[in-house]
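K.L.:
Between the sequences and the hints, there should be enough to build the whole structure, so can you do that?
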Amino acid sequence: MDADIRAGVRDVSPLMLGIVPFALVVGVAAVDAGLTPVEAVAMSVIVFAGASQLAAFDLIGSNAPLAVVIGTAVVINLRMIMYSASIAPYFAEYSRKTRAGLAYILTDQAYALSVAEFAENEDRSRWRYYMGVAGSLWIVWQIGTVAGIVVGAGVPDRWGLTFAVPLVFLALLVPAMKDQPTTVAGVVGGTVAVIAAGLPLNLGLLTGALLGVSAGVLSEVMSS
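Numbering (my numbering), first residue to last: 1 to 224.
If you're looking for bench data, these hints aren't it; they were derived computationally from the structure.
A portion of the hints provided could be inaccurate.
As the list claims (entries may be wrong) - Okay, the calculated beta carbon distance ranges per label pair:
| # | residue 1 | residue 2 | range |
| --- | --- | --- | --- |
| 1 | P65 | S95 | 14 to 24 angstroms |
| 2 | S62 | A196 | 16 to 26 angstroms |
| 3 | I81 | M177 | 28 to 38 angstroms |
| 4 | D32 | E120 | 14 to 24 angstroms |
| 5 | G34 | M177 | 38 to 48 angstroms |
| 6 | V68 | Y94 | 14 to 24 angstroms |
| 7 | M80 | D58 | 14 to 24 angstroms |
| 8 | L218 | P65 | 30 to 40 angstroms |
| 9 | G198 | E120 | 38 to 48 angstroms |
| 10 | A88 | S13 | 44 to 54 angstroms |
| 11 | V151 | I81 | 29 to 39 angstroms |
| 12 | M177 | A42 | 36 to 46 angstroms |
Using N, Cα and C, we set each Cβ at its ideal position, and we do this for glycine too.
P.N.:
Pasting the structure below:
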């Protein structure tokens, strides 16, 4: 295996402890929402976005209108626009087809690990490292989702698998809060997202993200 790909796999491996139960939860949620195994697997492969999949399954199980289901999933994934804009300069030298393929497997974890690595190690093959991280996540996610679909509602609640969902994101957030601006952004964004959790179409998440970024930028400007 290429050294850069191997480095990506190595760096993302600790996060798999949270990704596996997260994927199991999504698979179970798909079954509970009434999707067939084929439909659930197809959605996992096509959408490949845990948070929006969970929200969509909850709405589908509640017989929400299709427009509401799609709208909610889109709103939750709007953060990918910010991720894409941030990581795009590192992939500017690659072809459009290559960038499109890399965009498909973009996740919170792949973004956070890759950007941190690219900033510290300029000699790293960017697409290979990224594939090591994002490709590993994709494979483990699909396997975990299929396992959740097969097991279905047979997973006992006492296992507390749903607790792994916030842990996955906390594992990314805490190391990223390295200075005052990033800490302010994290605290403000998280606080606003919790307070605004009741907004329709899960707009609380997007509101928290936007205000968190704004607070971080303002903090950096004021401290410079």
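K.L.:
Now tell me if each hint is right for this structure.
P.N.:
Comparing the hints with the structure gives:
no., hint, in the structure
1, P65 - S95: 14 to 24 angstroms, "violated, 39 angstroms"
2, S62 - A196: 16 to 26 angstroms, "holds, 21 angstroms"
3, I81 - M177: 28 to 38 angstroms, "violated, 22 angstroms"
4, D32 - E120: 14 to 24 angstroms, "violated, 42 angstroms"
5, G34 - M177: 38 to 48 angstroms, "holds, 40 angstroms"
6, V68 - Y94: 14 to 24 angstroms, "violated, 37 angstroms"
7, M80 - D58: 14 to 24 angstroms, "holds, 20 angstroms"
8, L218 - P65: 30 to 40 angstroms, "holds, 38 angstroms"
9, G198 - E120: 38 to 48 angstroms, "holds, 40 angstroms"
10, A88 - S13: 44 to 54 angstroms, "violated, 26 angstroms"
11, V151 - I81: 29 to 39 angstroms, "holds, 34 angstroms"
12, M177 - A42: 36 to 46 angstroms, "holds, 37 angstroms"
In terms of the numbered hints stated before, the structure departs from hints 1, 3, 4, 6, 10, listed from lowest to highest.
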